[in-house]
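Engineer: Based on the provided sequences and hints, a complete structural model is requested.
Residue numbers (the numbering used here), protein chains in the order written: chain A, 583 to 1019; chain B, 312 to 511.
Treat each hint with caution, since some may be false.
As the list claims (entries may be wrong) - Partial selection, computed: residues in chain A whose CB lies under 8 Å from chain B:
{"hint": "1", "residue": "V713"}
{"hint": "2", "residue": "A717"}
{"hint": "3", "residue": "E724"}
{"hint": "4", "residue": "L784"}
{"hint": "5", "residue": "L788"}
The set of hints was computed from the structure by calculation and includes no laboratory data. Quantities reported herein were computed from a predicted structural model and do not represent experimental measurements. In this text, a Cβ means the ideal position worked out from N, Cα and C, and glycines have one as well.
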Amino acid sequence: MGNGNPKLDKTIKVDYLTRVEGEGGLYIRAEGGELRDVKLNIFEPPRFFEAFLRGRHFQEVPDITARICGICPVAYQMSAVHALEAAFGVRPGPEIRMLRRLLYCAEWIESHALHIYLLNAPDFLGYESAVAMAADYPREVERGLRLKKIGNALLELLGGRATHPVSVCVGGFYRVPRKKELASLRADVAWSLEAAQETVTLVSGLNFPEFTADYEFVSVAHPAEYPMNERRIVSSSGLNIDPTDFERVFLEEHVQHSTALHSVRADRGSSYMVGPLARLNLNFDKLLPIAQAAAKSCGVAWPCHNPFLSIVARAVELVQACEEALALIDAYQEPATGRVEFRVQAGEGCAATEAPRGLLYHRYRVNDQGLVESAKIIPPTAQNMRRMEDDLRQLLPGSLDKPEEEIARISENLVRTYDPCISCSTHFLKLRLDRGR
Amino acid sequence: MGGEVPGGPDAGPRERRPRLIIAGCGNPLAGDDSVGLEAVRRLRVCAEREGKARCPGGEGVAPLSCNSSPAAYDCRFLELADGGLDLLELFSEAEGILFVDAVQSGAPAGTLHLLPLPSREVLPGGLCLVSSHGWGVTETAGLAQALRRPVPRLMLLGIEIQGFTLGSSRTPAVDAALVTVAGTFPQILEALFGRTDPVA
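Structural biologist: Below you can see the structure in the form of structure tokens.
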């Protein structure tokens, strides 16, 4: 029960979160000036991809899972093909491996540029939207739009089309680009590398709320590369596991207020964070030279525990993706064949890759006809869902005396730093703040 | 962005600047929500035929006078898979864009609505219902204006629907409206360009 003081008892509802992908709301209840409840209400209907993958031929899986998200379809394709290749014991050659990294770079470029410039920067510059921001920052917004366009162009060349690409298959690619086709994009990608460094300068100069939390950061890790498609899964609390152990270590839970499952550590039920901040904190030494120089000179002490600075981590990763894309284009040699042959056999495989917004886990069991018997897909936003609620529980107590609009703004800002993709998780935000009156 | 409808009269060199883009929106698997896509397909068929045979009509496509059909215009037909920022690229490619989409306003199913965009009658982000971070035609037009980019004349041809249950077929009233869509073209051109004659 509240104490009857309307200033201390609040219910705040954000019925529809803006500048996030998908549909969800936020419910906050405070009584007597104390925070009682925080819920991210995910009301986007469940999408049942895992169910309707059953019985489908394995080569349909990359095309079907690409449809889960229009922003990060490559991530779904990459986790799918790596998991299925693990099931069949397929190991594509180095050229295919490099092309897949290039395809992933393209997606990181378009997704990170979109989030930094159009979705998240307005929060820190004091605008309600990118449209309002564009009037005062036209040069910056145009830069973001061009970066996104270049990422899309690269995606279109490698994937056949920018949205829901169609060239990826188990074993490799249906079509690989000609060297001269890739070369035609080199100048644009070189410009992107410059623009990405300017992006780091821009976002590292923003004013960020003072807030830190005791996070467990989780990401894919590779001994020699910044993580994308391989290999192990590590965390800031010392976890270092093979992807086959993912479901033993992490647990998905259903909560009544969300059509997206919540992921926690199975042993202690605690939340964790995936995404650019987690990746950068755990893999700083794997950044390419220009990206690492940008990360060192931007004024942020890494590892960083302020989620609002995810935009800086995202910008550093934009540099990383552009730098690596440029190197891959320069080194590209057309492979003799776009895909490796393999024998279909019954088996089970899993993989974790790094979507722009965090670790994406897939597991498939296929029969000897190559038909999917079971599928498991754990998207990054679902993994971050509990962590976002935990952040809000820690962040909001100091703000409950503020007007409801301000509480809603602070909450949405925090959620947006995660770049949640509710369409993937199942889709995200309306705010309901219940002050108990 | 969506897929180009194959085989339309837009086939040819891409450097040609289309004067008119007709873009269908909707979900082909969601009953009445597919009506925008189907309307654009029919307009494309009509234009294709008219280009060869002086507007024969038929197959549910109303006959058109030749000066007021899509065939008489430098026209691209698109099916939009999503809205979002990528619409911005379309803005530089046309002098007029007609979006054809399912709408719900409470009017009888099958009612046609012709509205300029942005419009207070169309909720921001409401067109092209597939979410792409909430970006729709209204937001894209606002962004283009803020960036001092050209904004083409934008119209919505909304077709009132009854419902959009996944896996269902279109309702008869909405199907009946499809037959009348092509007949609205003179009105659409008048609204977009202030004339029905394609000669500039």
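Engineer: For each hint, tell me whether it holds in the structure or not.
Structural biologist: Verification of the supplied hints:
Interface restraint check for V713(A): the shortest CB-CB distance to chain B comes to about 4 Å, inside 8 Å, so the restraint holds. For A717(A), the interface hint holds, the least distance from its beta-carbon to any beta-carbon of chain B being 4 Å, beneath 8 Å. The restraint placing E724(A) at the interface with chain B holds, with a minimum CB-CB distance near 6 Å, inside the 8 Å limit. Because the closest C-beta pair between L784(A) and chain B is about 17 Å apart, greater than 8 Å, the hint is violated.
The restraint placing L788(A) at the interface with chain B is violated, with a minimum CB-CB distance near 20 Å, outside the 8 Å limit.
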